[in-house]
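Chains as they are written, first to last, in our numbering: chain Z, 2 to 277; chain F, 24 to 276.
FYI, nobody ran anything at the bench for these hints, they're computed from the structure. Just so you know, these numbers come straight off a predicted model, no measurement behind them. Some hints here could point you the wrong way.
Here are the computed lysine-lysine pairs in the DSS-like style, where the Cα-Cα straight-line distance is at most 27 angstroms [to be verified]:
hint, chain 1, residue 1, chain 2, residue 2
1, Z, 14, F, 55
2, F, 134, F, 55
3, F, 276, Z, 9
4, Z, 87, F, 55
5, Z, 87, F, 78
Here are a few chain F residues that face chain Z, going by a calculated C-beta distance under 10 angstroms [what the hints assert, rightly or not]:
hint, residue
6, 27
7, 28
8, 29
9, 32
10, 73
11, 75
12, 77
13, 79
14, 86
15, 87
16, 129
17, 133
18, 199
19, 221
20, 234
21, 274
No residue lacks a Cβ here, since even glycine has one placed at the ideal position from N, Cα and C.
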Amino acid sequence: MAKSAILKSSLAKKYWMALTGLFLCLFLVGHLAGNLQLIFSDALHFNEYALFMTTNPVVKLLSYLTYISILFHAVDGIMLTVQNRKARPIRYAKEDSSANSAWASRNMAVLGTLILVFIVTHMVNFWAVMHFDKNMPLQTIHITYQGQEMDMYVTTNDGKYIPTDLSNTGLEIRNHKEFYDAAANLKMAEGIKDLHKITFAFFKDAKYGLIATILYVIAMFVLAFHLLHGFASAFQSLGANNPKYNGLIKGFGKGFAIIVPLLFAIIPVYIHFFAK
Amino acid sequence: MASSKFININLKIWRQKNAKEKGKIETYRLDKVSTDSSFLEMLDQLNEQLVSERKEPVAFDHDCREGICGMCSLFINGRAHGPDTGITTCQLHMRMFKDNDTIFVEPWRSKAFPVVKDLVVDRSAFDRIQQAGGFVSVNTSGNTIDANATPVPKHDADRAFEAAACIGCGACVATCKNGSAMLFVGAKVSQYALLPQGKVEATQRVLNMVRQMDEEGFGNCTNTGACEVECPKGISLENIARMNREYLVASIK
Ligand code: HEM
Ligand code: SF4
Ligand code: FES
């Protein structure tokens, strides 16, 4: 009885909603810290960070947890919403909901679904490119080498550069990022994928850059409203309601809901309008 | 009374012959309604008018008419117990309305509260939740202990008393966009969970009451807080959180 209760009951669904929701809030902080390097750091450091995020085993584990959380949160949220609609088969002819509750709190499912659409598009635009695109460019650097100006590939092996012109090196690129000594069939180094370039190109694109920026900003508004209710709501769902701390939780939640999406939104705006 | 005056109103009232038939909103004109009359007295006046026209009077629930029994239950102009807070429908007065206002009157809408007739709904789902665990088992065979012999911290006694103020009217369900009964169940769980006498059976109580609540077809709380605003007895969301805590602990025990 207790076992099935923790998985299937109304309250159990609420606990999972709250736990996954709060975990996703943590994910947002991590993701934001990375993204902010697009403004405050250079291309090389950003790409090294992106490489770290796609290869480090701990980060990998966290990212799988994030995928599962998003799926679980979305499926659970939709199931709850369907049940809630069934709980009122005949609707009121007149309803004055704004007299007793906040707009965001009544529209979590709509806001959440929009976020889901955003997450999917966002992953197609960046995550899938980073993981699967065969034409993903590699990070290069323009340096003076032995008195000559030239472009070099940056590799993951510390300080090792490889000329972008591979013709005299005996090297070739395999698996989209690995430099092989073709004669010896030996892997010499690995290039760093240039996600920075992809991101800048995306938001600076002459045709679609502006609309992409606008849509991104809108998505962050949606996220802000979802969190404006969601953050504090998750604490209530888990049973944490104590007059001593409620003000703190609500205040922090409001701050979080405004500052995190705002900082996310500033990045594409900066890239589109101000970055070189 | 010097300030009393009369207003004329338009009423849009849900009429439904019985549980099986489909209902619809009917419009009525009611003149010369005293602003000193209560909302239910206004409906009495309408019913007299309907009877004199040889029409079926509007069925609605009521009993004490002083805000203590929880029997009255109307969704008035989009709000449970009407456009005021901290009151039941019987405590709502016509001075809250203006001349020529159009007033919607609908029954509580919930899958778990089926309409019996017109504005009367069957709230026995609440009784079944209560029967599933809203009690303490005591041996009454001559050896009952005086309640005051068990010390209770004042703070807990006050919280339990506040929770016990719930009159089971169902406004929380009616106003909730999810048709959730969690404020009611939270109050009923809390009024026992806070007291030493109730702690003995706390684990089974919360599991059973929540299970019954789910079986009745009530929705799931999304913490909009609408129930707390509309509850005539000011039952706090803290009670839902307490139920959530109790249930979490009970279900991993
Ligand atoms: C980064 C993305 C997201 C974050 C940080 C997030 C966060 C949260 C939080 C903290 C809550 C409050 C949980 C509670 O009240 O116990 C919540 C509720 C909710 N979320 Fe999300 N969410 C995200 C994405 C989504 C997505 C993609 C959906 C898709 C449908 C969704 C649907 C919902 C719904 C329906 C609720 C209300 C559920 C309820 O209160 O029962 N969310 N979210
Ligand atoms: S919690 Fe309030 S609104 Fe709900 S049944 Fe009890 S008294 Fe009525
Ligand atoms: S009739 Fe008893 S509370 Fe309204």
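We went through each hint and held it up to the structure:
no. : hint             : verdict
1   : 14(Z) <-> 55(F)  : violated (52 angstroms)
2   : 134(F) <-> 55(F) : violated (37 angstroms)
3   : 276(F) <-> 9(Z)  : holds (16 angstroms)
4   : 87(Z) <-> 55(F)  : violated (41 angstroms)
5   : 87(Z) <-> 78(F)  : violated (34 angstroms)
6   : 27               : violated (27 angstroms)
7   : 28               : violated (25 angstroms)
8   : 29               : violated (25 angstroms)
9   : 32               : violated (15 angstroms)
10  : 73               : violated (20 angstroms)
11  : 75               : violated (27 angstroms)
12  : 77               : violated (27 angstroms)
13  : 79               : violated (20 angstroms)
14  : 86               : violated (24 angstroms)
15  : 87               : violated (25 angstroms)
16  : 129              : holds (6 angstroms)
17  : 133              : holds (6 angstroms)
18  : 199              : holds (9 angstroms)
19  : 221              : violated (17 angstroms)
20  : 234              : holds (7 angstroms)
21  : 274              : holds (4 angstroms)
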